[in-house]
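Here are the chains, one letter per residue:
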Amino acid sequence: MVQQLSSQFLHLTSLLSVETVTPSEGSAPGGNWAQAFASQFLGFLPGWIGLVLVMSVVAAVFVAVVPLVPLVLVLMERKVSAWIQDRVGPMRVGPWGLLQTLADGVKLIFKEDLIPPQADKFLFRFAPYLIFTCSFAVFAAIPFSQRILVSDLNIGIFYIISISSVVAIGVIIAGWSSNSKWSLFGAMRSAAQMVSYEIPIGLSILTVIMMAQTMSMEGIVAAQNGAFAEGEPIITLLGVEVKGTILDWMIFRSPFTFLAFFVYFLSSIAEVNRTPFDLPEAESELVAGFHTEYSGMRFAVFFIAEYANVFAVCAIAATLFLGGWQGIIDEDQFIPGLLIIFGKTFLLVFVMMWIRWTLPRLRVDQLMNLCWKYLIPISFFNILGTGIWGLFFREDSALSIGLSFLIISLFVVSILGIVFNSFGKLKPADQTALAGNIGAANLQKLKTTWNERHGQQK
Amino acid sequence: MLAQSTASEERKFLELKPFSDEMVVSMGPQHPSTHGVLRLELRLDGEIVREAIPHIGYLHRCFEKHAENLSYQQIVPFTDRMDYIAAMNQNWGFCLAVEELMSADPKFAGVPERAEYLRVLAGELNRIASHLLAFGTYGMDIGAFTPFLYAFRDREKILLLFEKLCGARLTYNYIRVGGVSRDLPPGFLDDVREFIDYFEPKIDEYNALLTNNKIFLERTVGVAIMDEAMAISYGATGPNLRGAGRKWDLRKDEPYSIYDRFDFDIPVGEEIPEAGAVLGDCWNRYKVRMDEMKESVKIIRQVLDGGLPDGPIVAAMKAIRPPAGEVFSRSEAPRGELGFYIVSDGSVKPVRLKAKSPCFCALSALQELSRGLMIADIIAIIGSIDIVMGEVDR
Numbered sequence: 148m149v150q151q152l153s154s155q156f157l158h159l160t161s162l163l164s165v166e167t168v169t170p171s172e173g174s175a176p177g178g179n180w181a182q183a184f185a186s187q188f189l190g191f192l193p194g195w196i197g198l199v200l201v202m203s204v205v206a207a208v209f210v211a212v213v214p215l216v217p218l219v220l221v222l223m224e225r226k227v228s229a230w231i232q233d234r235v236g237p238m239r240v241g242p243w244g245l246l247q248t249l250a251d252g253v254k255l256i257f258k259e260d261l262i263p264p265q266a267d268k269f270l271f272r273f274a275p276y277l278i279f280t281c282s283f284a285v286f287a288a289i290p291f292s293q294r295i296l297v298s299d300l301n302i303g304i305f306y307i308i309s310i311s312s313v314v315a316i317g318v319i320i321a322g323w324s325s326n327s328k329w330s331l332f333g334a335m336r337s338a339a340q341m342v343s344y345e346i347p348i349g350l351s352i353l354t355v356i357m358m359a360q361t362m363s364m365e366g367i368v369a370a371q372n373g374a375f376a377e378g379e380p381i382i383t384l385l386g387v388e389v390k391g392t393i394l395d396w397m398i399f400r401s402p403f404t405f406l407a408f409f410v411y412f413l414s415s416i417a418e419v420n421r422t423p424f425d426l427p428e429a430e431s432e433l434v435a436g437f438h439t440e441y442s443g444m445r446f447a448v449f450f451i452a453e454y455a456n457v458f459a460v461c462a463i464a465a466t467l468f469l470g471g472w473q474g475i476i477d478e479d480q481f482i483p484g485l486l487i488i489f490g491k492t493f494l495l496v497f498v499m500m501w502i503r504w505t506l507p508r509l510r511v512d513q514l515m516n517l518c519w520k521y522l523i524p525i526s527f528f529n530i531l532g533t534g535i536w537g538l539f540f541r542e543d544s545a546l547s548i549g550l551s552f553l554i555i556s557l558f559v560v561s562i563l564g565i566v567f568n569s570f571g572k573l574k575p576a577d578q579t580a581l582a583g584n585i586g587a588a589n590l591q592k593l594k595t596t597w598n599e600r601h602g603q604q605k
Numbered sequence: 036m037l038a039q040s041t042a043s044e045e046r047k048f049l050e051l052k053p054f055s056d057e058m059v060v061s062m063g064p065q066h067p068s069t070h071g072v073l074r075l076e077l078r079l080d081g082e083i084v085r086e087a088i089p090h091i092g093y094l095h096r097c098f099e100k101h102a103e104n105l106s107y108q109q110i111v112p113f114t115d116r117m118d119y120i121a122a123m124n125q126n127w128g129f130c131l132a133v134e135e136l137m138s139a140d141p142k143f144a145g146v147p148e149r150a151e152y153l154r155v156l157a158g159e160l161n162r163i164a165s166h167l168l169a170f171g172t173y174g175m176d177i178g179a180f181t182p183f184l185y186a187f188r189d190r191e192k193i194l195l196l197f198e199k200l201c202g203a204r205l206t207y208n209y210i211r212v213g214g215v216s217r218d219l220p221p222g223f224l225d226d227v228r229e230f231i232d233y234f235e236p237k238i239d240e241y242n243a244l245l246t247n248n249k250i251f252l253e254r255t256v257g258v259a260i261m262d263e264a265m266a267i268s269y270g271a272t273g274p275n276l277r278g279a280g281r282k283w284d285l286r287k288d289e290p291y292s293i294y295d296r297f298d299f300d301i302p303v304g305e306e307i308p309e310a311g312a313v314l315g316d317c318w319n320r321y322k323v324r325m326d327e328m329k330e331s332v333k334i335i336r337q338v339l340d341g342g343l344p345d346g347p348i349v350a351a352m353k354a355i356r357p358p359a360g361e362v363f364s365r366s367e368a369p370r371g372e373l374g375f376y377i378v379s380d381g382s383v384k385p386v387r388l389k390a391k392s393p394c395f396c397a398l399s400a401l402q403e404l405s406r407g408l409m410i411a412d413i414i415a416i417i418g419s420i421d422i423v424m425g426e427v428d429r
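Protein chains in written order, with my numbering: chain Y, 148 to 605; chain F, 36 to 429.
It cannot be assumed that every hint is accurate.
[Stated by the list, open to error] Facing chain F, from chain Y, some residues (calculated, C-beta under 7 Å):
1. I231
2. D233
3. G236
4. P263
5. S309
6. S312
7. K328
8. E432
9. W504
10. L506
11. R508
12. L509
13. R510
14. V511
15. N516
[To be verified] In silico contact screen, one side only, chain F against chain Y (beta carbon under 8 Å); selected entries:
16. M58
17. P141
18. G145
19. R188
20. F251
21. E253
22. F297
23. I301
24. Q402
[Unchecked claim] Below, simulated EDC-like cross-link-like pairs (lysine to aspartate or glutamate); rule was C-alpha separation at most 20 Å, straight line:
25. K237(F) - D512(Y)
26. K328(Y) - E86(F)
27. K142(F) - E305(F)
28. K329(F) - E305(F)
29. K333(F) - D380(F)
30. K249(F) - D512(Y)
To be clear, the hints were calculated from the coordinates, so they are not data collected in a lab.
From the three backbone atoms N, C-alpha and C, an ideal C-beta is built for every residue, glycine too.
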C-alpha cells in the first residue's frame, strides 16, 4: 500500500518537476507540468484548450489564495506597529482582533464606488487592475516548496523583474487619470523612484545569477543545496549532523553576495514604497500620493497589491539569498518547505515593518542620492567582485566558504563597531548642497547668499 | 487643470500658459500637515517651490470683536480657543494684562501667592504638553509616525492631571483674573511628581529616537535658516527666536508672576559644524523645544520641592472693573510672546482688545523661508515654526 502510494507520489513529482528546457518529444520548449497535466488528463481536448483550462484553474486558485497573504500582512502590520508604539492594536473584531482586516475589507466592498468627475474614467478603472495583476503574476514564479510552484520558467527571475516593473506604469496611470495634482506628484515620484531602484535590484540579482549560473528560480534554490549537503558534517549537534546547508545559502557564499543581499533588501523597500522611501504616498506631503482619489474597493485593490508586493519581494529575497524553501539543518525537510519559506519571508517582512515604524522619510533628492551614488556603485562593485570570486573558486570548497565567512564576520563586526561608536552622537550630514540642505563646507557660502537676499528684501 | 481662485492675476496667467513648467497647487486648508486649516498656495517647478503664499483666516472667529461685548471674566474661555494646545498660557497671558490694568485700582490686592504657584505649575505643565505635541507632529511631518504616539501617550498624562485640576482636558478656563478657579485636588502634587519622574528620562529617549536620527538630521539640519536678524525683523519670538541663537525669554528677561524665584536656563540654538547644524535652521528650532521641556521639568520640580504656600487662590474683589486706561502686557507662551492690548473705560467690558499672536509672526516668515526649497521642506518648515491656526486667525 505504502509502496503504491509512494510510486504514485513519485509519478506526480516527476510530473511536477519536468525539466524546463527539454527540447524533448512532443512537448514544446518551455513546456511544464501544466502542459504535461493537460496532455495526460485532458488529452481528448485540443492541446491549447486543455492548457488554458488548467492554467485558468491554477490562476483562480492563486487569485483566491494569494489575497490571504495581504490579509495576514495588514493585520500583522497593525499589530507590529501597535507593539512598537505601546498600543494593543485592533482588539474588537474577532478574538484578539484577528478578523479586523476582514471587516475592513467588507466595509470597503460596501462603499460607494466614486470616480472623480474630471478623471479619465477608463484609465482610472484600469489602473488598479493593472497593478493588481502584475503584483499577483509575480507569485507564479516563486517556488514555495519542492512542489508548490506554478511554473518553473527557465528565465524565472527575469520574468519576476520585468513583471514587477509594470507596477510603476500602473501607478503612473492611477496618478495621471485621477486628474489631481497631488496624485500626479505621487505618480511622478513613484515613477522616478521605481525606475531608479530597479537598477540596484537587478544588479544585485545578477550577482546571484552569476553564482547560481541559472535564471530559473528552482535552479537558484537547487544551487543553494550544493556541495556541503553531501559531504562531511561540520558539527554534530545533539546527534543531528549539521551538514552546513546554511553555509550554502547565497548570502554566505561570498562576501559580495552578502553585500548584494542588503542592497537588494534596501532597494526592495524602495520598490514597494515603504518608509523611509515612501515618498510616492508620503502622507504628510502628498496626502495619499497616487491613490488620493481612490476609494472603496478600488482603494482596497491598491492596498492588497501593495502588501502582495511586500510579500513578493521578501519571498524573492528569501529564495535568492536565504536558501528558499530549504531548511537550515539538512535537506531531509522535516518541516514542509512552504512553512520554511513563509517563516523566512515573514521574518524579512517583520524587519521591513520594524524599519517603517522607526525611521523618518527621506527627501526626493536624498532618495536619488542614495540610489545613484551609493547603491548602484556598490552593486557594480559586487558584480566585479563576484566575477573575480568565481574565477578563483570555481566550485565551493572549504576554503571558499571559510574565506567568505571570515570576510563577512569582519565586515559585520566593523559595521557594528561603527554603529555602536556613533550611537547617540551627532553624525555628519551628507554634504549635499541641493535645495537648501547644506553641509559644513557650504555653510558660509549659503549664509552669505541668504544674508544678501535678506538684505535685498529690506 | 484650472487653478483655483488665486491671489493675483499674473499667477492665473502663468498657470494657463501651456508651455510653462510651473504649476500652482493649493496645499490646504484640508491637508494632513498644515497643522489645522492653513492654506498654502504653492508655485512649483517640479518639486522645487518657487513661492509659497500662506492664506489664513479659515479659523477666524472675531475673538477681538466678541471681546468688546463680554465682561473680562467671560473673555477668558475665548482665550482658551486661541492656542488650544496651550490654553493655560493663553488664560494666563490675558489675565496678566487685566491684572496690570487693575493694579491702578487701590482696592485690588494683587494675585495671592498660592495662586501664583498654581499658575506656574499649570503653565509649565502645559508648556510640556504643547512642546510634546510639537515634537510628535514634527516627527510625523518628517515621516516618522511612532514619536507621535509616544508624545500623545505622555501628553495624555498631563491632560489627565489637568482634568483633575480643573475638570477640562483642552479648554481649561482655569486661570482667572486675580487668581485661579480651583484649589488643588487631594494628592495632585504627588501625581505631578510621579509624572515628571517618569517623563524626564523620556526626553533623552526621544532625542535618541528622533532628534539625533540620521535621516531626521538630513531632513532638518541646515534647512530654512531663519537667522537672528530675520527672526527679529519678522517679530518671531519664543523657540523660533531662541533657535536662531538669541537668548530671549520673558520669564528671565522681564520676569512676570514669580518666575524670578526659580532657577532655570534658557536653551538656545547651537551651531554644530560637524553635523552641519546652523543657528536658526529647522533642527535648531525643534531642538530648543526639546530642551525647554527639560527646563520646565526643572521649574515644576522646584515648585514641588519648595512646597506651595497656604492662602487664598483668588484675589477678593466684587467685580472686575479696571480703571480707565490702556495696557499692553506680554507673557511667554510656549509658542512665543503672547501680547494683549486692552483699552478700558472703567466699565466691566473692554472698549478694545487686541491680541499679538506669536504664531502669526512666525507664519509670516514662511514665504521667505520656503523660497527655492522642496515640497518636503515646506512641511519641515511648518512643523518647525510650530503654528496653531486657532491663534493665527483668532
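Cross-check of the supplied hints:
1. I231: Where the cut-off is 7 Å and the nearest Cβ of chain F is about 6 Å from I231(Y), the hint holds.
2. D233: holds, 6 Å
3. G236: violated, 12 Å
4. P263: It is violated, given that the least Cβ distance between P263(Y) and chain F is near 12 Å, above 7 Å.
5. S309: violated, 29 Å
6. S312: Given a least distance of 23 Å, the restraint on S312(Y) is violated.
7. K328: holds, 5 Å
8. E432: holds, 6 Å
9. W504: With Cβ-Cβ at 5 Å, under 7 Å, it holds.
10. L506: Result: holds, 6 Å to nearest chain F Cβ.
11. R508: OK, holds: R508(Y) within 7 Å of chain F, min 3 Å.
12. L509: With Cβ-Cβ at 6 Å, under 7 Å, it holds.
13. R510: Because about 5 Å separates R510(Y) from the closest Cβ in chain F, which is inside the 7 Å limit, the hint holds.
14. V511: Interface hint status for V511(Y): holds (5 Å vs cutoff 7 Å).
15. N516: violated, 10 Å
16. M58: holds, 7 Å
17. P141: Cβ of P141(F) sits 48 Å from chain Y, so the hint is violated.
18. G145: violated, 44 Å
19. R188: holds, 6 Å
20. F251: holds, 5 Å
21. E253: Because about 6 Å separates E253(F) from the closest Cβ in chain Y, which is inside the 8 Å limit, the hint holds.
22. F297: Given a least distance of 29 Å, the restraint on F297(F) is violated.
23. I301: For I301(F), the interface hint is violated, since the closest Cβ of chain Y sits about 22 Å away, which is over 8 Å.
24. Q402: Because about 10 Å separates Q402(F) from the closest Cβ in chain Y, which is outside the 8 Å limit, the hint is violated.
25. K237(F) - D512(Y): With a Cα-Cα distance of about 33 Å, the restraint between K237(F) and D512(Y) is violated, given a limit of 20 Å.
26. K328(Y) - E86(F): holds, 17 Å
27. K142(F) - E305(F): Violated, because 48 Å separates the two Cα atoms, which is more than 20 Å.
28. K329(F) - E305(F): Judged against 20 Å, a Cα distance of about 17 Å means the pair holds.
29. K333(F) - D380(F): violated, 41 Å
30. K249(F) - D512(Y): holds, 15 Å
The structure does not agree with the numbered hints 3, 4, 5, 6, 15, 17, 18, 22, 23, 24, 25, 27, 29 stated previously, though it agrees with the rest.
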